[in-house]
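Trainee: Protein chains in written order, with full-length UniProt numbering: chain A, 1 to 376; chain B, 1 to 376.
It cannot be assumed that every hint is accurate.
Note that identical chains are pooled: a pair holds if it fits in a single copy or bridges any two copies.
Claimed, not checked - Calculated cross-link-like contacts (lysine to any residue; reagent style SDA-like; alpha-carbon spacing at most 25 Å):
no., residue 1, residue 2
1, K197, E169
2, K355, D165
3, K221, S356
4, K249, R33
5, K355, E120
6, K100, S317
7, K100, H222
8, K93, S44
9, K81, E187
10, K67, H222
11, K197, D165
12, K16, R335
13, K12, D188
Hints listed in this document are in silico derivations from the structure and should not be mistaken for laboratory results.
Number of protein chains: 2
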Amino acid sequence: MAAAKKATTKPKTTEKDVRTLRKIEQLAQSAVRTVEKKENPALSIRMRALSNVSFNEKKRIIELGQKTQSREFFNTSMARKFMQTFLIARGCKTLIDEGKTVSIRQMFYMTKHTLQGSSENTFEDQSESDPIIEDLEVGIDALREELHLFANKRGLVVGSLVVNDAGDEIDLTRMGRGGWGIPSICEDDQLRFVRNKAEFILCVEKQAVWHRLNEDRFWEKHKCILMTTEGQAARGSRRLLQRMATELKLPIYVLVDNDPWGLYIYSVLKQGSINLAYESMRMAVPGVRFLGMSSFDYKKFTLPKAVEIKLSKEDISRAEQMKAYPWFKDKKWQREIQELLKNGFKMEVDALLTKSISFITEEYIPKKLRDKDFLQ
Amino acid sequence: MAAAKKATTKPKTTEKDVRTLRKIEQLAQSAVRTVEKKENPALSIRMRALSNVSFNEKKRIIELGQKTQSREFFNTSMARKFMQTFLIARGCKTLIDEGKTVSIRQMFYMTKHTLQGSSENTFEDQSESDPIIEDLEVGIDALREELHLFANKRGLVVGSLVVNDAGDEIDLTRMGRGGWGIPSICEDDQLRFVRNKAEFILCVEKQAVWHRLNEDRFWEKHKCILMTTEGQAARGSRRLLQRMATELKLPIYVLVDNDPWGLYIYSVLKQGSINLAYESMRMAVPGVRFLGMSSFDYKKFTLPKAVEIKLSKEDISRAEQMKAYPWFKDKKWQREIQELLKNGFKMEVDALLTKSISFITEEYIPKKLRDKDFLQ
Chain A
1 MAAAKKATTK
11 PKTTEKDVRT
21 LRKIEQLAQS
31 AVRTVEKKEN
41 PALSIRMRAL
51 SNVSFNEKKR
61 IIELGQKTQS
71 REFFNTSMAR
81 KFMQTFLIAR
91 GCKTLIDEGK
101 TVSIRQMFYM
111 TKHTLQGSSE
121 NTFEDQSESD
131 PIIEDLEVGI
141 DALREELHLF
151 ANKRGLVVGS
161 LVVNDAGDEI
171 DLTRMGRGGW
181 GIPSICEDDQ
191 LRFVRNKAEF
201 ILCVEKQAVW
211 HRLNEDRFWE
221 KHKCILMTTE
231 GQAARGSRRL
241 LQRMATELKL
251 PIYVLVDNDP
261 WGLYIYSVLK
271 QGSINLAYES
281 MRMAVPGVRF
291 LGMSSFDYKK
301 FTLPKAVEIK
311 LSKEDISRAE
321 QMKAYPWFKD
331 KKWQREIQEL
341 LKNGFKMEVD
351 ALLTKSISFI
361 TEEYIPKKLR
371 DKDFLQ
Chain B
1 MAAAKKATTK
11 PKTTEKDVRT
21 LRKIEQLAQS
31 AVRTVEKKEN
41 PALSIRMRAL
51 SNVSFNEKKR
61 IIELGQKTQS
71 REFFNTSMAR
81 KFMQTFLIAR
91 GCKTLIDEGK
101 TVSIRQMFYM
111 TKHTLQGSSE
121 NTFEDQSESD
131 PIIEDLEVGI
141 DALREELHLF
151 ANKRGLVVGS
161 LVVNDAGDEI
171 DLTRMGRGGW
181 GIPSICEDDQ
191 LRFVRNKAEF
201 ILCVEKQAVW
211 HRLNEDRFWE
221 KHKCILMTTE
231 GQAARGSRRL
241 LQRMATELKL
251 PIYVLVDNDP
261 WGLYIYSVLK
271 QGSINLAYES
281 MRMAVPGVRF
291 LGMSSFDYKK
301 FTLPKAVEIK
311 LSKEDISRAE
321 QMKAYPWFKD
331 KKWQREIQEL
341 LKNGFKMEVD
351 ALLTKSISFI
361 TEEYIPKKLR
371 DKDFLQ
């Protein structure tokens, strides 16, 4: 293995960084100008509320609308938040200047202090700083990744792809059983795709299923990229999927448990979430395909009674809710969700091991792919 | 990057596998012989109860004692468990024969079925199969890893070490920002240390702290291996640490939050846990050193009031409990825990960012190492 020498200098400020810095500076200058005119400085921020969220039928993603709210300095109910927004903005500017990133918890500590001559803290706890970060993202139109903030990372990947991350060339066919940890921030200034031989991406919800598939070297036989989100997908995993879909132009198949939670995980990957509607354009992957587990798989693969887990009351009401979502209104989705309710039970992908240890690898997924048996 | 061709044949049965198979076969043969003698077949299993757990002062680990209990087939309260033990044993034999591994959830599905001519299931849910797996481990003296069962994996590693895992040579200096995912099973038939240039191991509890240190390339400057357990250490992380300690003979420094939970994470790494006392000899690393965060760090590093998080009632009673543990009876540990109680607050490692973004990397850890300021 050629251990090429690696540069250890600080990452340079990228073009994207320069753009983000300019946005932060504009925010500050605008406030200063208003003060100089002896007016009340204010921020205009798009409302992050259900009433300002809608499903864009054409783009097939959940989007934030254009309704804004104003945040004024000379307003007792807003002054604190106004001050906090500028503290966070200053923190992000420092991060970009120094070419470093921190977690949103760490940003809370970076900006928390006791105001001089008082016993008042700038932030009491993280539940105060997190929404301010979201305000800033929406307010200056920069994702938190561009503000050099990272969310906890989750997710692993292996397969027929070579990437370059932070200067290291990483061959994802040679990751052993452990896999490469998907970074929190998957933007193109640090992570690039070097060589791809994969023909599709298989993204599984459960780590243990990924482990079985990796051990059976599914990705090698089927020339694919094998990823696990390890539950609900973290931001890094979503952004990586989106970039692979657009830059590598690969189809993506998603394999989740047959339950409302699995449907929800798929749904967030596909069209984004209501809570983070602002980020859909950078996170959602409208092209992802639902490979399973489908409620119809029970009969299709003659699974034994042992796989059944009775639906709980919450499962049933959650499934009913799903049926009403505009992005599931298509007839084939209505049938799928209706079958789940009709079955009266849910199933885990792991349950396919009742057939045999490698049934998932050798029969279930290959058959689904061969038959083009997926929903979209 | 030389993409050496990799063998894709199934992993061969190793010597360790042969030994484990023999143990399973002996278990079965012994039962058959008893039946042939028209006697009541029984298993003798060491008791997994607090009354059979103790701290071995010499080895400095928590151990399971020698008290056993007998499990008989002709005993209405034991017959079901007797049958289940043999089902799991058969499942593990299949796994070893086929050179595959599954999660304990997947093993539940592999062995769950409805008994012919009845409506009774072999297992109702996983809470029935998990203890049987532990029984089998203790009963035939084989860790679940040897039985080809994996726990959910958690933990990431980078640094000055090259490993070979399942035939892939992996240079941990070239893992970008993502890191290598620590496998669930870190035994020497699959994972080997190829070349080591590290002088010590730094193991941090929090993923975000690991991320900061990796971004600052701490492991490069200080020639070390940088690991995160991502909270309480999973079996794979514990076993990897133990093997690095014994095979690479490297000192290990542990950095956890300054709270009772952090102390507990450290304590489990060091001497094992009461629940899994049986596994201490293969998991515990009595040599690990507690680098921090210490309750004395507040004054030592003149941290601001902003880092304080008031101790809850549970924190206080948990700390009192810790003080009473035999492995914390040393005077220096009593002082440490007493100071936590005296402070009346806990602190997170992340809180060091109140000083500056790279304070952890450039000042806190280097000073601690230089001053040999750690507990053991």
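Trainee: What hints, given by number in increasing order, does this structure fail?
Mentor: Those not satisfied are hints 2, 4, 6, 9, 10 and 12.
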